[in-house]
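Residue numbers (this note's numbering), protein chains in the order written: chain F, 58 to 221; chain X, 58 to 221; chain E, 58 to 221.
Rather than coming from a laboratory, the hints here were simulated on the basis of the structure. By construction, the Cβ of each residue, glycine as well, lies at the ideal position given by its N, Cα and C atoms. A few of these clues could be false.
Claimed, not checked - Simulated pairs of lysine-lysine, DSS-like, Cα-Cα distance not exceeding 30 Å:
(1) 68(F) to 67(X)
(2) 65(E) to 201(E)
(3) 65(E) to 65(F)
(4) 68(X) to 67(F)
(5) 111(X) to 159(X)
(6) 193(E) to 68(E)
(7) 201(X) to 65(F)
(8) 67(F) to 67(X)
(9) 111(X) to 151(X)
(10) 67(X) to 65(E)
(11) 201(X) to 68(F)
(12) 151(E) to 67(X)
(13) 193(E) to 65(X)
(14) 201(E) to 159(X)
Claimed, not checked - Quick look at which bits of chain E chain X covers, simulated, 3 or more residues with Cβ under 8 Å:
(15) 81-93
(16) 177-188
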Amino acid sequence: MPETISNKQKKLSLIAFSGDFDKLTAVFTLATGAAAVGYEVNIFFTFWGLDAIKQKKGRSFIGGNWLTKLFGFMMGGISVSPNSRFNFLGIGPKIFRYLMKKNNVATLEELVDAAVALNVNIYACEMAMHILGLQKGDFIHEVKDVLGVSTFLDISDGGQTLFI
Amino acid sequence: MPETISNKQKKLSLIAFSGDFDKLTAVFTLATGAAAVGYEVNIFFTFWGLDAIKQKKGRSFIGGNWLTKLFGFMMGGISVSPNSRFNFLGIGPKIFRYLMKKNNVATLEELVDAAVALNVNIYACEMAMHILGLQKGDFIHEVKDVLGVSTFLDISDGGQTLFI
Amino acid sequence: MPETISNKQKKLSLIAFSGDFDKLTAVFTLATGAAAVGYEVNIFFTFWGLDAIKQKKGRSFIGGNWLTKLFGFMMGGISVSPNSRFNFLGIGPKIFRYLMKKNNVATLEELVDAAVALNVNIYACEMAMHILGLQKGDFIHEVKDVLGVSTFLDISDGGQTLFI
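Just need the whole structure built from these sequences, with the hints factored in.
Printed below as a string of structure tokens:
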């Protein structure tokens with residue numbers, strides 16, 4: 058996929074706050090699209106966005122106490138993430154998945170794999186992990202580091218940064 | 058409206074993902090506000106945001122098959138776009154429109170026209186068009202080009218870029 | 058809290074559009090995190106985000122006419138702001154507040170106070186105030202100025218700008 062590598066490396070950084078299926082699709086489409094043409098790409102997963110990088114893809118009771126376990130179950134990972142619009146109890150994302158397959162557009166799971174393959178830097182938000190009772194071990198191995206916001210802002214400085 | 062044109066042209070780029078009435082109002086307020094003082098303004102319409110640049114303003118069955126036609130009908134264009142908050146089955150946006158008129162604030166449709174008049178660059182997202190079964194001909198004539206994300210990121214590079 | 062002050066001051070600017078509890082928490086976490094390490098931080102509160110800087114924290118009928126008063130009452134301020142996900146009629150934010158307290162993470166109200174203490178620049182959006190019938194006196198005293206979007210974009214130019 059990589060075609061043009063510019064001399065001075067451009068940078069794209071994404072703060073992935075939403076856990077919605079369509080917005081996570083946007084996160085990984087931007088990340089892989091930019092990485093494929095030679096950008097340095099950094100993603101900071103926080104709040105509901107942490108869903109996208111959990112090891113267990115289905116619903117599971119992850120978390121330190123019953124409350125955070127409940128949130129972990131409800132969030133449930135990307136295989137069950139809802140649409141921000143026209144969700145219809147989960148049918149909306151299923152239709153989207155069908156349309157993406159049908160039109161040879163990469164699915165969300167394929168996009169996550171592509172991001173990893175293209176060396177996108179994946180970070181997890183320390184504070185959100187505290188609130189939701191998540192540990193580094195709950196996430197995929199490709200998570201580079203657990204950071205606070207100010208450290209991430211120093212990483213993303215000097216490029217284009219988007220909050221999604 | 059243009060008052061100050063700075064020597065070195067500043068740049069504002071917007072990724073218009075949302076189809077919500079209030080967020081689209083934000084997109085066009087930022088775009089026209091910036092263009093009016095001499096910014097280069099680029100908008101990349103994707104996913105639900107594509108609604109804002111459809112030719113047919115009311116509900117209509119646009120799309121390649123019955124599923125995308127259904128999405129086309131449900132999205133329905135800006136005249137029926139919902140609020141992200143306090144929508145109340147469409148009454149929320151109507152109240153907003155009333156308040157905007159009453160306070161001499163430009164309505165969403167007027168803002169779209171103003172953006173075109175101020176030479177805001179309007180782009181449509183290729184991938185989202187594939188998924189939703191939309192063709193370039195479904196959009197207003199002022200759409201400058203159909204692009205992928207990496208091309209748009211090169212256009213937006215070096216300015217302020219917002220995901221809305 | 059301030060630890061490192063870099064030679065050339067970095068800049069973070071936030072357009073706070075959402076009135077959701079979780080997104081406002083993100084706004085103030087980013088703002089205080091950046092200000093604590095020496096960034097210039099600017100926040101432009103607009104639409105639902107104006108809720109965060111109202112003087113009266115509970116529900117109250119602020120606004121010029123009955124319609125805007127109604128919106129003022131429904132928005133209600135940060136003590137009753139909803140979650141963007143898993144709101145459950147307001148129980149979601151309450152659980153979040155509990156988890157934040159329990160894990161020694163600053164609550165939203167504490168974050169607002171911290172932002173003020175760290176000299177974060179707080180601006181209110183003129184147009185949204187017109188629509189919602191709000192006056193400068195309805196907001197906390199720390200609001201530095203009432204601005205239009207183009208003035209804010211000139212302030213935020215040259216740093217990282219996020220739309221939340």
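Out of the numbered hints, which ones does the structure contradict? 12, 13, 15
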